[in-house]
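**Student:** What follows is the residue order along each chain.
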Amino acid sequence: MLPTRTLKELAEYLNGRVIGDENITVNGLAPLESAESDKITFLANPKYAAKVAETRAAALLIFPGGESYGRNVIEVANPYLGFAKLLTLFCTKPYHSLGVLPEANVGTRVTLGEEISIHPGACIGNCVTIGDRSVIHSGAVIYEGAIIGDDCVIHANVVVRERCRIGNRCIIQPGAVIGSDGFGYAPDGSAYFRIPQIGIVVLEDDVEIGANCTIDRAALEITLIRRGTKLDNLVQIAHNCQIGEDCMIVSQVGISGSTKIGNNVTLAGQVGVAGHLTIGDNVMVGAQSGVPSSLAANSGYSGSPTMPHRDWLRAMAVVPRLPELKKNISALEKRIAELEAALNRK
Amino acid sequence: MLPTRTLKELAEYLNGRVIGDENITVNGLAPLESAESDKITFLANPKYAAKVAETRAAALLIFPGGESYGRNVIEVANPYLGFAKLLTLFCTKPYHSLGVLPEANVGTRVTLGEEISIHPGACIGNCVTIGDRSVIHSGAVIYEGAIIGDDCVIHANVVVRERCRIGNRCIIQPGAVIGSDGFGYAPDGSAYFRIPQIGIVVLEDDVEIGANCTIDRAALEITLIRRGTKLDNLVQIAHNCQIGEDCMIVSQVGISGSTKIGNNVTLAGQVGVAGHLTIGDNVMVGAQSGVPSSLAANSGYSGSPTMPHRDWLRAMAVVPRLPELKKNISALEKRIAELEAALNRK
Amino acid sequence: MLPTRTLKELAEYLNGRVIGDENITVNGLAPLESAESDKITFLANPKYAAKVAETRAAALLIFPGGESYGRNVIEVANPYLGFAKLLTLFCTKPYHSLGVLPEANVGTRVTLGEEISIHPGACIGNCVTIGDRSVIHSGAVIYEGAIIGDDCVIHANVVVRERCRIGNRCIIQPGAVIGSDGFGYAPDGSAYFRIPQIGIVVLEDDVEIGANCTIDRAALEITLIRRGTKLDNLVQIAHNCQIGEDCMIVSQVGISGSTKIGNNVTLAGQVGVAGHLTIGDNVMVGAQSGVPSSLAANSGYSGSPTMPHRDWLRAMAVVPRLPELKKNISALEKRIAELEAALNRK
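Chains as they are written, first to last, in the working numbering: chain A, 63 to 408; chain B, 63 to 408; chain C, 63 to 408.
None of these hints come from the bench; they were simulated from the model.
Keep in mind it's a predicted model, so treat the numbers as computed, not measured.
Keep in mind that a hint or two might mislead.
Which copy is meant is left open, so a pair is good if it fits within one copy or across any two.
Claimed, not checked - With a cut-off of at most 16 Å between alpha-carbon atoms, the simulated EDC-like pairs for lysine to aspartate or glutamate come out as follows:
no. : residue 1 : residue 2
1   : Lys-322   : Glu-283
2   : Lys-388   : Asp-373
3   : Lys-155   : Glu-206
4   : Lys-389   : Asp-373
5   : Lys-155   : Glu-224
6   : Lys-109   : Glu-95
7   : Lys-113   : Glu-98
8   : Lys-101   : Asp-83
9   : Lys-101   : Glu-116
10  : Lys-109   : Glu-129
11  : Lys-101   : Glu-283
12  : Lys-322   : Asp-343
Given these sequences and hints, build the entire structure.
**Tutor:** Have a look at this one:
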């Protein structure tokens, strides 16, 4: 049987206010449409307010002052955040340390924290440090001298290369590569001479990296991702980049070498950013944009090459009408030629 | 010695008709240009019909009524499909079960079908189910409770995370990740609060997934890819997506969260699709397009943002001429000003 | 203590000329801004010449005739190449063979060269050949019959599928997949019929492949990457492609099936190239471009679809002004109508 909670308990947990029967119990969360009568659900988008009346859920999280349609509700300032917190409360299992399983490969001079879990087939190189309660899944490979902080989850088949440093509470999804060689070659006139990439990657605390991302080590110093930044899947971060705090880097974004990105920046899916740029704090870049030059803080940009987001919206509205504009110009030319002829005749 | 087949046998197998000597034998397939006299080849593109006269191949598959240039041919309705079928006939080795090799890591309470093959270094978590004749290659990691159907091939270093379900006859290329956490965070005013992703991924029968693809598990329920759909390499499918039957998703496509895609949809390379959209059946989207809103069925679209494919072709034809158009407009302005002046003088 | 070198020794090594004290010693390289007094640094970009005066480094590599600001300098024809060579001199550890470590999985009839290193958890299939001094890192999986040349580095969790051939001195970053099945299906009217991909991938000497790249095996023959070509991370090469010598393929590029690319071609980040095209030697394609048709040699192209790079620059300069142009055209139409009316009145 699933553990249950009263609305009163949940409201206290979320710092919210029950309207209706606070002694009702629920045992989990579900979406508005599919929730059954033992579940709580939430209304994050006021557009769907009418569905509140229809849901079979026992209760809902809603915005303060939202129409409750006579249902049992908990008013919270941010129902979406409330949903995230309740999901964590109901669905996150307590961590249970497995220790180092016998089929794991662990090198020499390895420093292991307390209550860790190293799964079968994980490979831990020499001189690696792994913090308390961190989990290394099967097939993950940690090269010599890398450092993993406390409470990390390193999923299956992740690679962390030599000397890279992962902070605390980092989560790295399967297949991500941290610390691959930067793409650096010096043309010598006949071929490309490889530049050794002797730097590292540093991920600060609470960084999360999506599946099959690639983050290159610096040529000389550090490729840095600061506290709280989240990368979606298949993102490419080139060598020497510095990414600020609390950024959201959506899937398939590519950031070229030595670019510096501020705090709270959002790069939407498939954005490309050129090298050696500076992107200011709180910038938002629309999906598929190509950023060829530095971007000032606190603004939105779109397009390839990028322009202010509003300008882009207006310009893109004209693009499908370009053939018509071209035709209009030709028509005007003809009418002007006729006018010129008529005027000359007078 | 390679096994041989007569043209008669092949024509029966393909439901085609021999024109020429039906007792000729061949032992395999090769391309039109490089086939030797013990091979059969095919003409899929009528553009290259003249090459039929030149090939050294013993025989050809051609369209009914195609010019045979006096060669031995098999007429079939679809020579390209015929080629695929003969290649399968000649080149697919019969499956041979290896069992569970001793260097594989297999957890507890695992259910294994008959005639399976689990290669060295594969890691099978607890409570996993693997169907009959399925192959798990080295380095593949199957997390706890996942279910793999019959006749699947899970290539090296694939990751299938907890509780995900793979249908029958699925092929997953190396490095693909099935069931990574969806990219879901609720901003709490100072940082991003992680939303547990407690759903799963379901691949129906005959789904094929390219190398290093990433398919995120749903937040609450199911990320679904329906029967027969094929993904090329490096494709990203975000959480809660539903992809229909018999879709072709070409390399490096990214589909954002909760989008629903119909049946028989083709997304060409590097397409991006925004979240929460509905793409109708039989839609084709051109390479590198960006889809910002839902698309009606049975049509072709291109561009970023997308427009009907024909409109896009016409608009793109104008883009290189924009500087000229701008100049034309300036010239017209000048001529009009002169006309206005002249008229005022009169 | 780090080994040291005099400027005289370094100048001889680089075929350069010391200006200043040739007996000064340094023990490594560092960037212009952060170098300490035991390091040498370099000025690759004349834009930063003023920083030469400020660096704390003991010496600098500069262009012949560059201002030395009274510092000890080595003049070399190509300071960036000089930097790469000194970094290699100072920072590359001599290779030390580990042999086959006991936790590696090695199949039968494997041919191993001299002084190889096979790390724990690597999986080497039957009938594989590995050349002298090559390193196979943990979690790498080499399928049956593959051939790896001399002096290669195959990083962790790389997959090389059956019968593929890797030349000498190739470096493959973690997670790359060589020889996945090409994306080939023949529609049979109701579903997609899989075309067996029986070809292979061949990488010639000195090819380097980025992290999580995917290179598909040919349908029938060979997907080929020629000598000296370098791929950045997350690049997709489809089946039957031929890539020339000394190409630079930047991150997240996708090349569709059967396309042939010449020598010394540069494809910038996120470029997409359609299938069955021919790209000439020395072509450069700008970031995010989409190449729909073959490109002539010795030129630069940009845009999606591509046009000559200069045309693209000029066209893109107009795009943000499209709404203004549209307005101008409307204004002209009005003025012309007025002129026409006025002329009719006269």
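**Student:** List in ascending order the numbers of the hints, as given earlier, that are violated by the structure.
**Tutor:** none
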